[in-house]
Amino acid sequence: MEQGGPMYTFLVWAIGSFFTVFVLLVLVIVAMKSRRQWQESRWRTRRAQLEPALFKYVAGREPLETYTGGALDASDRPIVEQIFFDLSRIVSGHVIDRAHQAFEQLGFVDYYIHRLDSHRWWTRAEAAEKLGLMGSRRAIPPLVAKMDDLIPDVRVRVARALGSIGSPEAVRPLVHALRAPGRWSAIRVSGILIAAGNEAVQALLEEFYALPMHAQLSAIDIFARIRSLDTVGLLRDLLRHEQPDLRARAAFALGTIGDPGSLDLLTGALRDRAWAVRAMAAKALGRIRDESCIPALCGALADTEWWVRANAAEALKNKGERGTQALLSMLDAQDIYAAQQAVQMLQEAGVLDTLVSQLGSQEPGRRQEALEVMAKLVRLRRTDLLTEMAHNHPESSIRQRLSILLGLRLSPEPVA
Amino acid sequence: MRAFLIDAVVTFNFWVLFYFLALNLIYVILFAASLVEVLRFIKRTFFSDYQQILQSDMTWPISILVPAHNEEKNIVESIRSLQLVNYGEFEIIVINDDSTDRTLAKLIEAFELRRVDKVYRKSLTTQQVRGIYGSLTHSNLLVIDKERGGKSDALNAGINLARFPLFCSVDADSIIEDNALLRVVKPFMEHPGEMVAVGGIVRIANGCEVHEGRIAKVHLPPTSLPIFQVVEYLRAFLTGRMGWSVLRSLLIISGAFGLYKKSDVIAVGGYDPESDTEDLELVVRLHQYCRERKLRYRIVFVPDPVCWTEAPTTFKILRLQRNRWHRGLLQSLWRHKRMFFNPRYGVIGLFAFPYFLMFEMIGPFIEIAGYVAVPAAWALGILNIQFMVLFFVLSMLAGVFLSVAAVLLEEISFRRYNSWQDLLKLLLFGALENFGYRQILSIFKVKAFFDFLRRRRGWGDMKRRGFHKRQISSPNPASF
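From first to last, the protein sequence lines are chains F and H.
Heads up, the first sequence is in my numbering, so the first residue is 1 and it goes up one at a time.
Heads up, the second sequence is in my numbering, so the first residue is 1001 and it goes up one at a time.
Just so you know, not all the hints are guaranteed correct.
Stated by the list, open to error - Once the Cα atoms are required to be at most 30 angstroms apart in a straight line, the calculated BS3-like pairs of lysine-lysine come out as:
1) H:K1122 <-> F:K376
2) H:K1316 <-> H:K1447
3) H:K1316 <-> F:K33
4) H:K1217 <-> F:K33
5) F:K33 <-> H:K1122
6) H:K1043 <-> F:K130
7) H:K1447 <-> H:K1217
8) H:K1122 <-> H:K1106
Because the hints were derived from the structure by calculation, they are not lab data.
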């Protein structure tokens, strides 16, 4: 390699470039950190100065200048804003109203309305979010206009802002926004519609069949959360819909609403050809306070699908004393899976603990009842919990009875 | 003969220069992609989004799987810390993989565990499960006690018991931040039909103040070796994985912290107990599975769900750790060799796999060969001192540039190291790592290559000494 040759020139050029970039990066890092630390320090100091005055303002009735001793500097805007937003999270009533007045008086509302037209989408999104927090009704028209923004993130934040201001104008565009695919949009839009309550229910009911399926599924979830009885008719119809996803979600929603009038339909859904529908129907039946479905749930314990069995067992657990009796009777089931699910639920419900305690009872009948259940568990080979109790139960007579039952040779004192 | 040697050395020089330029070009592309993505990520991140995920009924519940083998020093603290994570519905499944210490006993005592007769679905084959324990005090905690089968086997057992559609693998010796689950689940909420796995960033906890299972204050480690690893992790995660993720070629999600769709993992057969780096092997198989079936899918890295873990503080343990990582990488490359340059596997087969072969596997040999070639050329009297010096300076500057670029990304985005002292240390160690540390890692990798050829397996003796003093082994930041 000769000095001045192409290789030499290239290497020198590359070294020079890397070195320059390296120095620039270091300078950028140092400059950024210095600036940030200066800003944070100023923020802390200024916040400490402003907070007492702003607290007095929200508690009082005079204009803001009376408390701050004059007009605020433009650079104080984010600090004042943050103090009021922090206050809004922990207080309500008069304090919030005063904060909203301050936002108007200080020109913050105008400032963010103006920023709704920014060419940067995240600035528009931030403006919408802040306007929602500021609660100004003056912001409703520009926010409604932004419901057509090209960026979904902006639209969702605009919708949420309208929702938090309490504007009914938001409901229709929000129902429309449910059409956007993706669980994330659905979560965000649903949250706002749920907060809107009955107005959202009516709008969704009117437009339900015009929505694409993923939006219909979100709408059903919203019905379930709002628990409006107005939706029960539609949900019952959906239990007969050809789409299994809709049937399953409708079953779940009926359970969440707790509609006893849907009991027969849900019991019928336990025989649906789609396992997801059967699983959701079982779950729903567990949430409705009625015991007539217990035999059907016992039948579902022998379903071919694990989730159906698990949900049916869980549902029986929620049915109180009669459910417990049904689970106990399932210990004799021919279907081994049904029996195992029953054991798990009896354990989770604490029934087995009670039965083990019964082993120490003075009444022979109660002891015998407990022993019979234990014998079934031994036959099913589901004895982990019993073995544990045979080692650790505080009463020696119970430990002794369990160890005889399980054929264990145990120490006279509890292990643990 | 001498003429031949001279020709060979000159050819080698040019080849190395070309190799060096290609490698650094890829690094610069990855850095540029990462920078754009980090800036985009920051703009798109609104705190209120996470509040909505937290409050929504539609948020998917998560099963947290914690494999544990001889973790008595920190298992209780780790589980208590996990119980406090900020998330709606989740369950914690600890899998005691035949610990010979008091791991299980400590769990039983701390959480009032007792044996339960839980229905256990064997979707994946594992070693024998001895028993399942439920907690009387924490209804969302389950413990599986099983025969020894290694970390992969333990995770597979956890998947079998998991109730929820997503599972998160977390190392028992790691700490995840309060909002980490909310943040790592967000991509699943955004692309529910396509998302298969999401990895979070792993940071080094050495030197940090830990209070009640939480990172209370972030500091750099007090000793040099872990500081080098801090810089390396920053580079590997913020520049490397971020860039690979943008290019849809992410091959590694750290075993210490990753979120997966359970059904997809079961479809590929779960974690592979035969692999030394089960995390990498799983992600490669997920890519393979989805590509072969022409599925629309995503495997992504998100930079702000943070998992803290302790880095090795001695060269001996670092060597064991890196040996395993590199062996694991070679195993996966070998097993999936049909993916190389295979258009069927898209960018994975045409770019990611060749990159790992050319630069991760062969790179250490080139580097070591360079250090051998210089004295050889000098002995032959054909050493071009000027070229050597210029090339050496260039390669060091390129290394320093990449480390400083990673520090810049950290400073732009998450700024975990607040003090000036820490920042200056990061910059200094970013420069210093090119003088010794990098070369030592190359030697470890060369040794790992020969261990791979000899079919050596296993983790080696990774001693743990409790959370504050412990050496640990887990996540593989896989240098770019």
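ask   = Which numbered hints are broken by the structure, listed smallest first?
value = Numbers 3, 5, 7, in rising order.
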